[in-house]
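Student: Each chain is listed here by its residues.
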Amino acid sequence: MKKITRLTGALALAAAVTAAVSVEAKTFKFAFQGDVASMDPYALAENFSVSFHSNIHEPLVRYDENLQIEPALAVSWEIVNPTTWRFKLREGVKFHDGNAFEADDVAFSVKRAQGEGADMSSYVAGIADVKVVDAHTVDIVTTAVNPILLNTIAPLIIMDKQWAEANGAVEPVDLGKNVENYATLHANGTGAFKLVSREPGVKTVLTQNKDWWDLPNQTFNVTDVILTPIASDATRTAALLSGELDLMFPAPVQDVERINSSGVATALQGPELRTIFLGMDQERDELLYSSVKGKNPLKDKKVRQALYQAIDIEAIKTKVMRGASTPAGLLLAPKLGGFNEALNGRLAYDPAASKTLLAEAGYPDGFDIQLDCPNNRYVNDEQICQVVAGLFARVGVNVNLLAQPKSKFFAKLKEHDISMYLLGWIPDDQDAGSVIAHLMVPPEDGGLPWNGGGYGNPRVTELSRMITSEIDAAKRQTMIDEAFGIVKDEVGYIPLHQQALSWGVRNGVTVAQRADNALQYWYINIK
Amino acid sequence: MIPYILSRILQSVLVMLCVAMISFSMFTFVGDPVTNLVGIQSTDEQREKVRDSLGLNDPVPVQFTRFIGRVLQLEFGISYQQKRKVSSIIAERLPATLELSLLSAFIALAIGIPAGIFSALHRDSWFSHLFLSLSLVGVSLPTFLIGILLIFVFAVQLHLLPSFGRGEVVQLGFWSTGLLTVSGLKALIMPAITLALFQMTLIMRLVRSEMLEVLRADFIKFARARGLATRTVHFGYALMNTLIPVITITGLQLGSIIAFAIITETVFQWPGVGLMFIQAINEVDIPVMSTYLLLIASFFVIINLVVDLLYYAVDPRLRVGRESRT
Numbered sequence: 001m002k003k004i005t006r007l008t009g010a011l012a013l014a015a016a017v018t019a020a021v022s023v024e025a026k027t028f029k030f031a032f033q034g035d036v037a038s039m040d041p042y043a044l045a046e047n048f049s050v051s052f053h054s055n056i057h058e059p060l061v062r063y064d065e066n067l068q069i070e071p072a073l074a075v076s077w078e079i080v081n082p083t084t085w086r087f088k089l090r091e092g093v094k095f096h097d098g099n100a101f102e103a104d105d106v107a108f109s110v111k112r113a114q115g116e117g118a119d120m121s122s123y124v125a126g127i128a129d130v131k132v133v134d135a136h137t138v139d140i141v142t143t144a145v146n147p148i149l150l151n152t153i154a155p156l157i158i159m160d161k162q163w164a165e166a167n168g169a170v171e172p173v174d175l176g177k178n179v180e181n182y183a184t185l186h187a188n189g190t191g192a193f194k195l196v197s198r199e200p201g202v203k204t205v206l207t208q209n210k211d212w213w214d215l216p217n218q219t220f221n222v223t224d225v226i227l228t229p230i231a232s233d234a235t236r237t238a239a240l241l242s243g244e245l246d247l248m249f250p251a252p253v254q255d256v257e258r259i260n261s262s263g264v265a266t267a268l269q270g271p272e273l274r275t276i277f278l279g280m281d282q283e284r285d286e287l288l289y290s291s292v293k294g295k296n297p298l299k300d301k302k303v304r305q306a307l308y309q310a311i312d313i314e315a316i317k318t319k320v321m322r323g324a325s326t327p328a329g330l331l332l333a334p335k336l337g338g339f340n341e342a343l344n345g346r347l348a349y350d351p352a353a354s355k356t357l358l359a360e361a362g363y364p365d366g367f368d369i370q371l372d373c374p375n376n377r378y379v380n381d382e383q384i385c386q387v388v389a390g391l392f393a394r395v396g397v398n399v400n401l402l403a404q405p406k407s408k409f410f411a412k413l414k415e416h417d418i419s420m421y422l423l424g425w426i427p428d429d430q431d432a433g434s435v436i437a438h439l440m441v442p443p444e445d446g447g448l449p450w451n452g453g454g455y456g457n458p459r460v461t462e463l464s465r466m467i468t469s470e471i472d473a474a475k476r477q478t479m480i481d482e483a484f485g486i487v488k489d490e491v492g493y494i495p496l497h498q499q500a501l502s503w504g505v506r507n508g509v510t511v512a513q514r515a516d517n518a519l520q521y522w523y524i525n526i527k
Numbered sequence: 528m529i530p531y532i533l534s535r536i537l538q539s540v541l542v543m544l545c546v547a548m549i550s551f552s553m554f555t556f557v558g559d560p561v562t563n564l565v566g567i568q569s570t571d572e573q574r575e576k577v578r579d580s581l582g583l584n585d586p587v588p589v590q591f592t593r594f595i596g597r598v599l600q601l602e603f604g605i606s607y608q609q610k611r612k613v614s615s616i617i618a619e620r621l622p623a624t625l626e627l628s629l630l631s632a633f634i635a636l637a638i639g640i641p642a643g644i645f646s647a648l649h650r651d652s653w654f655s656h657l658f659l660s661l662s663l664v665g666v667s668l669p670t671f672l673i674g675i676l677l678i679f680v681f682a683v684q685l686h687l688l689p690s691f692g693r694g695e696v697v698q699l700g701f702w703s704t705g706l707l708t709v710s711g712l713k714a715l716i717m718p719a720i721t722l723a724l725f726q727m728t729l730i731m732r733l734v735r736s737e738m739l740e741v742l743r744a745d746f747i748k749f750a751r752a753r754g755l756a757t758r759t760v761h762f763g764y765a766l767m768n769t770l771i772p773v774i775t776i777t778g779l780q781l782g783s784i785i786a787f788a789i790i791t792e793t794v795f796q797w798p799g800v801g802l803m804f805i806q807a808i809n810e811v812d813i814p815v816m817s818t819y820l821l822l823i824a825s826f827f828v829i830i831n832l833v834v835d836l837l838y839y840a841v842d843p844r845l846r847v848g849r850e851s852r853t
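Protein chains in written order, with our numbering: chain A, 1 to 527; chain B, 528 to 853.
Simulated from the structure, these hints should not be mistaken for laboratory data.
In this text, a Cβ means the ideal position worked out from N, Cα and C, and glycines have one as well.
Do not take every clue at face value.
The list that follows gives simulated cross-link-like pairs (lysine to aspartate or glutamate, EDC-like), each with its CA atoms no further than 20 angstroms apart [to be verified]:
#, chain 1, residue 1, chain 2, residue 2
1, A, K412, B, E695
2, B, K576, A, E415
3, A, K319, A, E415
4, B, K576, A, D489
5, A, K414, B, D579
6, A, K29, B, E695
7, A, K203, A, E171
8, B, K612, A, D233
9, A, K408, B, D579
10, A, K26, B, E575
11, A, K412, B, E575
12, B, K612, A, E415
13, A, K408, B, E740
14, A, K414, B, E695
15, B, K612, A, D368
16, A, K414, B, E619
17, A, K203, B, E619
18, A, K488, A, D255
19, A, K408, B, D571
20, A, K295, A, D368
21, B, K576, A, E65
One-sided and incomplete, this derived list gives chain B residues near chain A with beta-carbon spacing under 8 angstroms [said to hold, decoys possible]:
#, residue
22, I678
23, G694
24, I805
Could you build the full structure based on these sequences and the hints that come with them?
Tutor: Here is the structure:
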């Protein structure tokens with residue numbers, strides 16, 4: 001009997017070994033239109049870089065597939081007093097080089113992210129101090145009450161203090177000082193994947209972290225990841241169709257049909273969190289770029305509404321976006337905190353009403369105005385502006401279109417050297433509050449330069465301040481609704497749509513497409 | 528001889544300075560680099576701080592002088608986007624471009640010259656007409672279209688060649704080469720043909736017209752009259768006289784192959800300096816852009832200098848002309 005047990009035991013062991021060996025390597029090859037800026041996670045707070053780094057490093061709390069907050073390096077948290085949050089850290093977590101993850105690393109990371117050369121200020125500016133309570137407990141003290149602290153710090157990933165100190169990477173690269181930094185090409189996190197090699201602009205290779213604390217809870221089978229940037233749309237599509245890639249994004253809208261009919265890949269589309277809209281100069285007494293002299297037609301609500309109702313959003317959706325957009329009534333996408341479907345309706349497309357409104361406002365023959373537009377920032381940005389110009393012309397408003405590369409456009413916008421413009425907005429913290437603070441508070445009330453037309457309303461400004469510090473979720477929602485309601489009623493902006501995320505995925509590969517366009521490798525399975 | 532060389536070198540330095548100045552003043556029109564250096568929600572003070580630390584608030588002449596001063600010390604600065612030394616980025620990327628360009632030049636010569644000779648000697652043959660009409664296609668189709676067509680046929684339809692990248696590379700000291708691996712060689716084929724096509728047709732047409740010209744010359748008639756073998760007349764006398772202008776043009780074209788590799792590199796995502804330049808323009812990465820332009824300008828200047836010196840050595844008329852003037 002004993003003998004038999006031993007035999008079965010040996011057999012079981014042998015079976016287990018074979019099973020372990022037969023887990024074959026699955027390499028996931030994907031392309032994005034650009035490259036990660038740097039391996040230093042704090043170098044640039046740009047969407048693609050932040051999402052790439054979240055595969056190597058981890059934050060205290062992270063977003064799941066549906067953009068809900070879930071524990072990551074922190075297992076639990078509580079609010080000690082309105083400006084102090086206490087986080088219990090996960091025990092037994094190790095960085096890729098074997099160092100243990102402890103409270104010191106959190107304090108170090110926040111400090112590094114706040115320092116010179118780091119571009120993380122929108123996440124850490126409101127943190128006054130990080131107090132290490134014990135090796136696995138930290139207190140985060142905020143400068144003011146912050147009801148959405150978890151959202152704010154979700155993109156802030158934790159670096160290893162010992163590693164940074166040992167390699168002279170305590171501070172990110174300061175461009176003024178002309179010296180390189182170890183962290184630009186190397187990384188050491190706690191996350192699901194480890195950095196194997198990095199050739200900037202050419203190829204970046206990652207491999208699975210077998211000691212990842214969350215590995216037992218996940219069901220992905222990708223073992224290695226290769227990122228290649230491919231800038232040319234046509235080449236990116238060809239590389240997917242020829243089977244050299246498992247995934248590429250963005251899939252160009254003009255190629256979506258070709259991808260879907262190829263039989264080897266499918267375009268995966270879903271609404272993105274970015275809202276595209278038109279802004280209007282409402283602060284000057286005379287527009288900078290218009291035929292109307294001595295007054296500002298855009299200060300008149302009737303004119304703004306006339307322009308709104310002149311826009312045939314369905315035409316933009318079908319003709320320009322080829323169906324890959326969701327018309328919007330708010331400057332806030334569904335799935336974002338504070339979104340209210342009841343407010344998301346649009347003013348109807350009605351050229352006749354538009355003409356009447358213009359005549360009532362004193363412009364029966366319309367007027368000329370310049371529309372500023374980026375041409376390499378959003379999906380089909382320049383084409384959208386061209387269609388808008390055509391639609392405005394139908395009601396008598398002649399548009400002089402100035403479409404420029406983003407670096408020129410944004411500089412002009414921030415100077416408010418603009419009369420009418422197209423912009424897209426996605427809040428860093430996935431919350432309505434920052435949309436209001438960035439776009440709906442005028443400069444004289446401490447607003448930010450992104451409010452390019454200087455839109456303002458005293459009540460909205462007041463609400464914006466209240467929203468920033470209201471902890472009670474229901475009360476906060478009422479305030480958000482009121483603020484958006486006012487802006488909508490006054491036609492402070494003309495919302496257009498949320499563009500669609502568009503990924504080209506090889507058949508046989510399953511991924512989770514998160515609405516913020518983040519690609520997380522631990523949701524990927526390859527057949 | 529020495530004053531001639533010195534004057535040529537002095538001229539080259541002046542050309543380099545002009546290129547540097549023009550490219551530098553162009554950068555003020557490219558846009559604000561700070562837009563790409565910080566996230567969209569950063570404040571104005573942060574932006575101002577970045578701008579100050581990069582010296583972007585100084586007047587353009589001051590920035591230019593500082594730039595030249597650094598270049599003279601072979602210090603090209605740190606890339607805004609990659610946060611690494613521009614010199615090391617270029618050193619990484621240059622082998623890819625040089626391998627591609629040299630192979631393209633080789634293809635262009637190896638096919639262009641024989642095809643040119645053939646179509647000159649057998650003007651009315653079926654092949655000559657084919658070569659000529661094909662060369663018309665090569666001259667008139669834009670490079671990116673040829674690249675996309677090749678990708679569509681050989682990568683998407685036939686799955687024979689990779690559509691992008693350089694394949695596996697082998698590191699030989701500072702030089703990364705794709706010539707030693709199968710995937711590297713496969714990856715090289717389509718970009719090299721795409722880049723070579725225009726030069727190939729150019730060389731073919733040049734050889735053909737030069738050869739036709741030479742074949743009508745008196746000394747060829749005399750050679751024929753002397754009863755020399757057709758072979759000797761064609762390849763010993765006619766071809767040799769044809770090749771002098773061809774060599775000159777080829778030398779000059781090598782510079783433009785390297786410079787025009789930008790388009791081919793973009794289509795095939797070939798990780799060379801041309802692709803790096805395009806990425807730098809998109810991100811307004813001024814240190815990378817200015818260094819690239821200086822590098823390309825220096826290629827042109829050096830090639831021109833060498834060609835000029837070769838002229839001096841080869842062409843006795845040049846020497847005589849100079850001496851009679853002095």
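Student: Give a verdict on every hint.
Tutor: Evaluated hints:
| no. | hint | in the structure |
| --- | --- | --- |
| 1 | A/K412 x B/E695 | violated (44 angstroms) |
| 2 | B/K576 x A/E415 | holds (17 angstroms) |
| 3 | A/K319 x A/E415 | violated (33 angstroms) |
| 4 | B/K576 x A/D489 | violated (39 angstroms) |
| 5 | A/K414 x B/D579 | holds (18 angstroms) |
| 6 | A/K29 x B/E695 | holds (15 angstroms) |
| 7 | A/K203 x A/E171 | violated (25 angstroms) |
| 8 | B/K612 x A/D233 | violated (29 angstroms) |
| 9 | A/K408 x B/D579 | holds (19 angstroms) |
| 10 | A/K26 x B/E575 | violated (46 angstroms) |
| 11 | A/K412 x B/E575 | holds (15 angstroms) |
| 12 | B/K612 x A/E415 | violated (32 angstroms) |
| 13 | A/K408 x B/E740 | violated (53 angstroms) |
| 14 | A/K414 x B/E695 | violated (45 angstroms) |
| 15 | B/K612 x A/D368 | violated (48 angstroms) |
| 16 | A/K414 x B/E619 | violated (37 angstroms) |
| 17 | A/K203 x B/E619 | holds (13 angstroms) |
| 18 | A/K488 x A/D255 | violated (35 angstroms) |
| 19 | A/K408 x B/D571 | holds (16 angstroms) |
| 20 | A/K295 x A/D368 | holds (13 angstroms) |
| 21 | B/K576 x A/E65 | violated (37 angstroms) |
| 22 | I678 | holds (5 angstroms) |
| 23 | G694 | violated (11 angstroms) |
| 24 | I805 | holds (7 angstroms) |
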